[in-house]
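When we follow the numbering used here, the leftmost residue of the sequence shown carries the number 16, and every step to the right adds one.
One or more hints might be untrue.
Using 27 Å as the maximum straight-line C-alpha spacing, the simulated BS3-like pairs for lysine-lysine come out as follows [what the hints assert, rightly or not]:
{"no.": "1", "residue 1": "167", "residue 2": "154"}
{"no.": "2", "residue 1": "154", "residue 2": "166"}
{"no.": "3", "residue 1": "166", "residue 2": "155"}
{"no.": "4", "residue 1": "167", "residue 2": "155"}
Between beta-carbon pairs, the in silico distance windows are [unchecked claim]:
{"no.": "5", "residue 1": "46", "residue 2": "144", "range": "16 to 24 Å"}
{"no.": "6", "residue 1": "114", "residue 2": "157", "range": "34 to 42 Å"}
{"no.": "7", "residue 1": "86", "residue 2": "183", "range": "32 to 40 Å"}
{"no.": "8", "residue 1": "46", "residue 2": "114", "range": "16 to 24 Å"}
{"no.": "9", "residue 1": "113", "residue 2": "191", "range": "29 to 37 Å"}
The set of hints was computed from the structure by calculation and includes no laboratory data. Cβ atoms here follow ideal geometry from the backbone N, Cα and C, with glycine treated the same way.
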Amino acid sequence: MRPERHSPGDEAARRLWQDPESILERIGLAAGATFIDVGCGDGFFALPAARIVGPRGRVCGIDIDAGALDRLRERARREGLDNVVLHRGRAEELVLCKGCADVVFFGIDLHDFTDPVRALLNAKRMTAPRGVIVDVDWKKEPLPLGPPVAKKFSTEYAASLMAEAGLEVTTVAESGPYHYIITAVPG
16 MRPERHSPGD EAARRLWQDP ESILERIGLA AGATFIDVGC GDGFFALPAA
66 RIVGPRGRVC GIDIDAGALD RLRERARREG LDNVVLHRGR AEELVLCKGC
116 ADVVFFGIDL HDFTDPVRAL LNAKRMTAPR GVIVDVDWKK EPLPLGPPVA
166 KKFSTEYAAS LMAEAGLEVT TVAESGPYHY IITAVPG
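Sequences and hints are given; from them, build the entire structure.
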């Protein structure tokens, strides 16, 4: 487990500084949507997304951590969320569909990928023509949480990676005390 990841037991503490429902609402996630959570972990964003998109929507999670996927699968089962489908693998290698996703979401993990541009190119392939790609990540400054500053991406750098992947950045904004949120569309 990476140091900036949190177990389900840490979720209540994490919710003190990050509200996944408000972030998902802010990006326009709605009932019936297809949401791909790249680096879904234990489901901090995937589970609220599954509740929002409802039974007519779908949440697809991608992660390399089999244990995290097992925990997410069990949590979804306990809640009766049959709209969650999980895939183990690297975002640099997986394209789950072509043009099917309303939202492809990177929740505090773009900085973790070996090749973030390749992960973004795959996200672009999965994004529907009117869909969005969203990156929520740590501000590049000293913070009491998260990875070292050297590992974090500035908003400018993250936006440049998106541009390199052929995405057009539409918004850059703060997202709480520790994060920013960048929204892009296929260019």
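Violations among the numbered hints: none
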